[in-house]
Amino acid sequence: MGYYPHFPVSTQRLRLRQFTRGDVDAVFDYRGRADVALYLFDSALSRDECAQAVQQRIVHTNWAEEGDKIVLAVELSDSSRVIGEMSLIWRDVDARQAEIGWIFHPEYQGRGYATEAARAVINLGFYGGDIHRIFARCDARNSPSWRLMERLGMRREAHFREHARFKGGWDEEFIYAVLQREWQGENQP
Amino acid sequence: MSGLNFPITTNRLVLRPFERSDVPLVARYHTLPSVQRYLARPTRYAEDVAGAVEVMRNQIGLQRPGDVLTLAMQRKGDQAVLGHVSLKWSDATAGQGELLFCIDPAHAGNGFLTESLTAMLNLSFDHFRIHRIFVRCDGRNHHSAKLMQKLGMRLEAHYREHALFQGEWDEELHFAILDREWQASSKVRPLPLRERVA
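Residue numbers (the numbering used here), protein chains in the order written: chain E, 1 to 189; chain C, 1 to 198.
The set of hints was computed from the structure by calculation and includes no laboratory data.
Backbone N, C-alpha and C define an ideal beta-carbon position, used for all residues, glycine too.
Mixed in with the good hints, there may be bad ones.
Facing chain E, a subset of chain C residues (Cβ under 10 Å, in silico) [unchecked claim]:
no.: 1; residue: ALA157
no.: 2; residue: TYR159
no.: 3; residue: HIS162
no.: 4; residue: TRP169
no.: 5; residue: ASP170
Straight line, CA to CA, 20 Å or less: simulated DMTMM-like cross-link-like pairs of lysine to aspartate or glutamate [to be verified]:
no.: 6; chain 1: C; residue 1: LYS88; chain 2: C; residue 2: ASP138
no.: 7; chain 1: E; residue 1: LYS167; chain 2: E; residue 2: ASP42
no.: 8; chain 1: E; residue 1: LYS167; chain 2: C; residue 2: ASP91
no.: 9; chain 1: C; residue 1: LYS88; chain 2: C; residue 2: GLU172
no.: 10; chain 1: C; residue 1: LYS146; chain 2: C; residue 2: GLU181
no.: 11; chain 1: C; residue 1: LYS88; chain 2: E; residue 2: GLU162
The shape of chain C in the complex, shown without the other chains (with noise of 0.2 Å):
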């Protein structure tokens, strides 16, 4: 699985694999508790930061099951970083992979999450050949859960109570998408008109 080309390019985004220049701009919002809620690896200090960025940095393509795809998304323009997409591959025989992301809540609700996933689901269907994505998210995470139905995945799980997370009862939300459910980049692109040469 390689053969790919970054940055990828959105409307108003692009996005790359991390650099380490980028430890500041993390810090501006990797460690707000209201992005730490829902995190699986907590960075609750500016110098836990230079870490999680090391280990994105690292995650630049997918080799074997298990590997992670991570890509910063920055803003075209200002080239702000708003937070980052992930893609792991989960499941070599099933073809399965997960998307994690996460965004500065002060550049939430412009739909550039919206954007991201939308590239990340092409790259996982049409590049990496995934049969099926899956998003997990907080019960809690409306947020989240909305964006997840925006996108068109279907409500697969709601488990209650099923874990401990930072110290209290888990509630989990699975949402997933299969290759034949997911219609966006079926579309024909359109291509500049070639020269007719006689």
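Excised from the complex, chain E in its bound form (with noise of 0.2 Å):
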């Protein structure tokens, strides 16, 4: 059991790699931001703790238990710039399930970068994690996200409205999610 995947992940344009302690400007440059941090758990983070966050995100980079993380910073092939962060969580070790998650630097956003950098991540879910069912979440106003969860083919399979509270207002969230064999075929690796 577990998951121990060989870093880095190398796609056309992107390389998704291990966080390391030189990345905490790279990480404050997105996650600092309010924008950034709209539909986040979290509040826009100080330096400070972008360097606590990035200190735990190293070793996010295996499964070894049910909740574990894998946690990759992901950057530009040609520059080694690092444009966001890409997350899989191991939710159910019986049933085989993980949750995909993403934040992205909105200065590269729309060059299909996050689609690039979660087809590779789904791919580890399924063929190295051996993953039944990857599902993602996101709030029901952050449309630049869904949108990029139906470019990856998933399915919109939950609409909640108002089943609890977020940062001070009702949520709405969608959860949507992809089978291993509704992912084979034209995404093969």
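From the two separate chains plus the hints, produce the assembled complex.
Here it is, written out as structure tokens:
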């Protein structure tokens, strides 16, 4: 049991790798922004909080038990510039379920980088981690995020309205999912 | 959240807390495979039923989040116990509640659950001031799914193979309704006319 992938994972334009201590400024560049934090559980982070976050991410590189996370820095192959992060959480060991998530720097949006990185991480989950179903959640107002889920071929499984409180208001949430057998075919690695 | 008076009466039913003497009445349907199929807590044998009734017998109010109120559905007239309905207070800050239910298949299809769940929705929104009520059911349980739609609940989620349930891939539906979407109890109830006293 468990999953200990090898890094970096390279795609056409990107490199997905473990976080290192040198990434604090690059992470602060996007996690420090209010527009990035809008639909995240955290508010915008200070530089110190980013240093702590990076410190935690350095060890999130494998799955040993349920709840473990793999969190990867996404950098441009050419410039080694960090443009965001991807995460894959082992939610259910027996039923082989994982949750995928992403945070990207707004300045690098609209160029298909998130799609490219997400495809690579879904491949990791299905083919490396032998996951049966991968799901993603987002705020219903976060259209760039759910549009990405749709581009990836994920199905909208849930649309919850006012099921919880979120940052002082009612929450509205989408859940998207894809099964391993649905992913095979058009998205073979 | 107290001050609730039992029993709650509907057109054809009395909804009241369980009693020890209900065990044989519950055993008639609770161990049936068709009932077991969708229950989270199985009672395969008659002796398990006493335990289940004991749990339900103590679910008589909502004092704190996580508490469950369970009422037996008893038919007026012949006093037959047809099943039960439960309200679980799942979240206090966001005012969330979950309805759960179970009916003897011999009495299904006669509108008894519609009647009971309507009363439970009234209770949830009017008495307990719940903001949103949801119901979960198995994707294959089309009787439940149709019932939810009949009550005006929206399909909010359709999970596919998201978990293992009784050794199989689970398929689960979530239905929900918000307090402002629930209209039934907003009608003015007719009151007997008062004698005019000058």
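Compare the structure with the hints numbered earlier in the document and write down the numbers of the violated ones, lowest to highest. No hint contradicted; all consistent.
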